[in-house]
Amino acid sequence: MRPPPARAFVSQLMSLTLILLVFSGSLGLGAVWVRQEISGAANRSHVIENRIADVERRLDEVNAEVAQALNPQALLQRNATMRLGLSNPREIQVVRVGESVELRLAAKRNREIFNVPTERVGSESAGGAPYTFKIITASLR
Amino acid sequence: MSKGFATNRLTLLALLVVACFMGVGVRLVFLQVVDRDTLLKFVDRARRQIVVEHARRGTILDTNGNLLAMSRSELTLAIDPWMLVEYLQAEKNEKRRGVKSREQEAKRAEMAALLGMPAAEVERIFEPTMRSVSFERDKRDGTSDGKIKDRWVKLREGVDEPTFAKIQKLKVQGLTFERIYRRVYPGGGLAAHIVGFLNNEGTPVTGVERRLDLYLKGQDGWIESEKDGARRELAQFRSRDVPAKDGDNVALTIDSVIQHILEDELKSIAAKFNPHFATIIASDPQTGAILGMANYPTFDLNNFGKASPDSLRNAATEYLVEPGSTFKIVAAGAALNEGIVTPDTQFDCSLTSINYRGRDLKLPREDHPFEELSVAEIVSHSSNRGAAQLAMKLGDQKFYEYVRKYGFGRRTELSLGLEEAGILEPPKRWDSLTITRMPMGHAIAATPLQIHMAMSAVANSGTLLRPHLFKEIRDSKGNIVRTFAPEKREQVLKPSTAALLAQLLHGVLLPGGTAAGFDIAGFDLAGKTGTAQKIIDGRYSNSRYVASFVGFFPASRPQIVLSVIVDDARIPTGGMASGRNVSAPAFHHIAEQLIQYLEIKPVAPASGNLLAMRGGVL
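In order, the protein sequences belong to chains A and B. According to our numbering, the first sequence is numbered sequentially starting from 1. According to our numbering, the second sequence is numbered sequentially starting from 1.
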């Protein structure tokens with residue numbers, strides 16, 4: 001059998017080398033592209049992380065300012081500076097209501113509508129029957 | 001061209017290509033194998049970096065979520081003057097360099113204004129300088145003269161974020177910064193002894209900051225990556241990224257408003273009576289939760305460096321006082337609990353001495369002369385001789401056992417640390433007079449918190465609880481890490497005895513009682529005055545006292561236990577600084593405010609309220 005001519009062998013070698021070069025080049029370029037993408041994504045996430053940290057820092061800053069403004073001492077000072085005259089109620093100023101506030105207000109409204117003098121509440125009418133007030137504000141029930 | 005020549009040429013080319021590959025291969029072997037260690041060290045030095053990510057310290061909150069302590073970022077600004085020089089030198093055009101130089105100068109002036117510094121001082125800091133280093137280290141700038149460029153000159157510390165954001169926009173060349181977290185206490189001195197503080201090195205020194213440091217501090221993270229020529233991180237080369245775990249947030253049982261009410265009252269006590277120290281404690285008897293604990297003297301947490309050593313001490317847990325008459329609840333409660341007396345049992349309180357175990361013992365003096373008094377009157381009139389006779393009925397050992405049960409002579413185990421146990425000797429070490437003196441609150445020393453907790457046991461159906469300050473611990477995402485439940489320590493009295501004693505203590509504020517006139521109609525305040533003589537130079541003083549009022553309200557369903565203890569108060573008019581004169585008015589004033597703030601309902605409605613409840617005139 002005749003051995004293949006040297007030129008054909010060289011041509012094959014060259015072709016294979018070229019294919020190898022193209023292949024490895026593509027792989028290399030691919031790797032570079034992937035790295036670029038990774039780098040881009042990493043940098044983008046880094047920027048976002050920094051932004052989140054920045055927002056959290058600003059949030060802390062605002063929280064600190066709010067806390068300082070809501071401190072009881074600060075509120076009292078503001079009350080004095082703005083001359084609001086706000087103070088805690090004293091027990092003598094407090095009227096405790098045991099019944100439903102809505103019904104009581106409705107009764108008051110009824111009295112106003114029918115012009116019934118408040119001093120007659122609970123007293124008896126001329127005929128001896130006590131005054132009674134019906135709640136007409138149905139929506140309140 | 002012959003065929004042989006072409007073949008040879010191609011072979012030569014192929015060999016050349018192979019040789020090139022081999023050359024590259026050999027070089028790679030040298031780089032990757034032979035010189036690997038040397039090169040890696042160089043790369044490591046030049047490019048690798050480990051950045052520590054500091055964990056943010058957790059916040060401390062009150063029971064309603066108001067901030068008591070938090071971390072706030074601050075910046076330390078520094079200058080690299082050589083960077084400015086290099087920036088200007090990079091511009092070859094003379095004219096443009098001048099423009100850039102003037103632009104930078106204007107920006108520096110603007111920055112100086114933002115920092116509140118004179119522009120001349122900033123310009124001086126921007127002057128490039130050299131600094132001395134050891135000759136071994138001096139290889140950075142190519143010369144070996146023992147000097148290198150000083151690339152870090154501090155400009156300003158403690159710059160806040162908004163100011164820094166404005167400075168950053170200026171783009172001043174050569175400006176560098178370091179971000180640190182500083183502890184901020186929005187309430188200033190509010191609950192200073194409870195919250196505690198971190199020193200300048202960031203080490204927790206006192207209070208919750210120290211006690212719960214493990215939870216608060218979090219865990220630092222770190223990033224191992226590479227940096228570019230401008231020392232910026234190349235995020236794509238991160239090899240390890242351990243995220244920081246922020247500290248947990250601690251919620252206390254303290255209520256800022258109640259704490260402020262107590263501190264406000266202390267301020268007025270300090271202004272009126274100039275005491276050595278004073279403490280006011282408020283707690284929930286059913287849970288042992290401390291709602292407020294205020295001390296005088298106190299300090300500002302944001303300026304702890306200016307505080308005196310005395311003001312740093314938590315008087316409520318670290319100072320010892322003789323309880324005085326507030327201690328009479330021990331003898332009275334014990335005698336009632338053992339069933340050896342009833343509220344109506346009579347004692348002769350005019351006696352000056354009494355026979356006890358075969359010996360005639362001298363009874364203590366009374367502030368006012370008394371004749372026959374019932375147990376109820378002994379409590380309301382605060383009879384020393386009556387209390388002594390009650391303790392004698394119990395006997396040394398039994399009385400001592402009750403004293404221990406009330407929590408005296410041992411730490412309350414408040415989860416804050418630094419607490420005194422008090423002084424209580426066992427009966428075998430008592431002298432013959434101790435059984436007559438201890439029931440009136442002498443021959444024993446206790447912390448204000450121990451006295452407070454003893455009264456709290458009466459208010460809590462006779463059960464002594466462990467006082468606690470922590471409500472819950474949450475992680476940075478809001479998940480509950482740990483909760484704290486009430487902890488029972490001792491059943492001191494039967495619930496029926498405790499209820500009976502509470503009614504007797506209400507009598508203290510009724511006409512004839514030592515605190516008559518300080519009751520609030522409808523709320524049945526109960527309590528006990530105490531006026532303990534101070535020991536000065538080994539003798540009981542007749543002019544210096546520990547004035548106290550310890551009590552709770554409403555007597556029939558206690559919701560708040562309150563103690564006002566004032567050491568060495570001085571009354572400007574020269575009167576006696578007794579519990580009635582000094583502490584009871586403060587107790588009354590605080591109670592009035594707490595009733596409104598906590599919306600405590602009256603036990604028996606007043607007549608005006610009854611009218612309102614019947615739907616009367618609006």
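Among the hints, a few may not be true.
What the hints assert, rightly or not - Here are some chain A residues pointing at chain B (derived, C-beta under 7 Å): (1) 55; (2) 57; (3) 68; (4) 101.
Stated by the list, open to error - For each label pair, taking beta carbons as the anchor points, the in silico distance ranges come out as: (5) B:510 x A:86: 42 to 48 Å; (6) A:35 x B:242: 28 to 34 Å; (7) A:51 x B:22: 55 to 61 Å; (8) B:179 x A:105: 52 to 58 Å; (9) B:133 x A:62: 52 to 58 Å; (10) B:556 x A:86: 42 to 48 Å; (11) A:17 x B:40: 31 to 37 Å; (12) B:133 x A:36: 36 to 42 Å; (13) B:589 x A:56: 40 to 46 Å; (14) B:134 x A:17: 33 to 39 Å; (15) B:154 x A:27: 23 to 29 Å; (16) A:35 x B:179: 26 to 32 Å; (17) A:56 x B:535: 54 to 60 Å.
Claimed, not checked - Residues from chain B that keep clear of chain A, each with C-beta distances beyond 12 Å, as calculated: (18) 71; (19) 82; (20) 264; (21) 398; (22) 478; (23) 494; (24) 523; (25) 601.
Read the hints as simulated data drawn from the structure, not as lab findings. What you are looking at is a predicted structure, and each value in this text was computed from that prediction instead of being measured. We treat Cβ as the ideally placed atom computed from N, Cα and C, and that holds for glycine.
Evaluated hints:
no.: 1; hint: 55; in the structure: 11 Å, violated
no.: 2; hint: 57; in the structure: 5 Å, holds
no.: 3; hint: 68; in the structure: 4 Å, holds
no.: 4; hint: 101; in the structure: 11 Å, violated
no.: 5; hint: B:510 x A:86: 42 to 48 Å; in the structure: 34 Å, violated
no.: 6; hint: A:35 x B:242: 28 to 34 Å; in the structure: 23 Å, violated
no.: 7; hint: A:51 x B:22: 55 to 61 Å; in the structure: 51 Å, violated
no.: 8; hint: B:179 x A:105: 52 to 58 Å; in the structure: 57 Å, holds
no.: 9; hint: B:133 x A:62: 52 to 58 Å; in the structure: 44 Å, violated
no.: 10; hint: B:556 x A:86: 42 to 48 Å; in the structure: 33 Å, violated
no.: 11; hint: A:17 x B:40: 31 to 37 Å; in the structure: 32 Å, holds
no.: 12; hint: B:133 x A:36: 36 to 42 Å; in the structure: 40 Å, holds
no.: 13; hint: B:589 x A:56: 40 to 46 Å; in the structure: 43 Å, holds
no.: 14; hint: B:134 x A:17: 33 to 39 Å; in the structure: 56 Å, violated
no.: 15; hint: B:154 x A:27: 23 to 29 Å; in the structure: 51 Å, violated
no.: 16; hint: A:35 x B:179: 26 to 32 Å; in the structure: 30 Å, holds
no.: 17; hint: A:56 x B:535: 54 to 60 Å; in the structure: 55 Å, holds
no.: 18; hint: 71; in the structure: 7 Å, violated
no.: 19; hint: 82; in the structure: 26 Å, holds
no.: 20; hint: 264; in the structure: 8 Å, violated
no.: 21; hint: 398; in the structure: 42 Å, holds
no.: 22; hint: 478; in the structure: 14 Å, holds
no.: 23; hint: 494; in the structure: 33 Å, holds
no.: 24; hint: 523; in the structure: 8 Å, violated
no.: 25; hint: 601; in the structure: 7 Å, violated
Checked against the numbered hints listed earlier, the structure breaks hints 1, 4, 5, 6, 7, 9, 10, 14, 15, 18, 20, 24 and 25; every other hint is satisfied.
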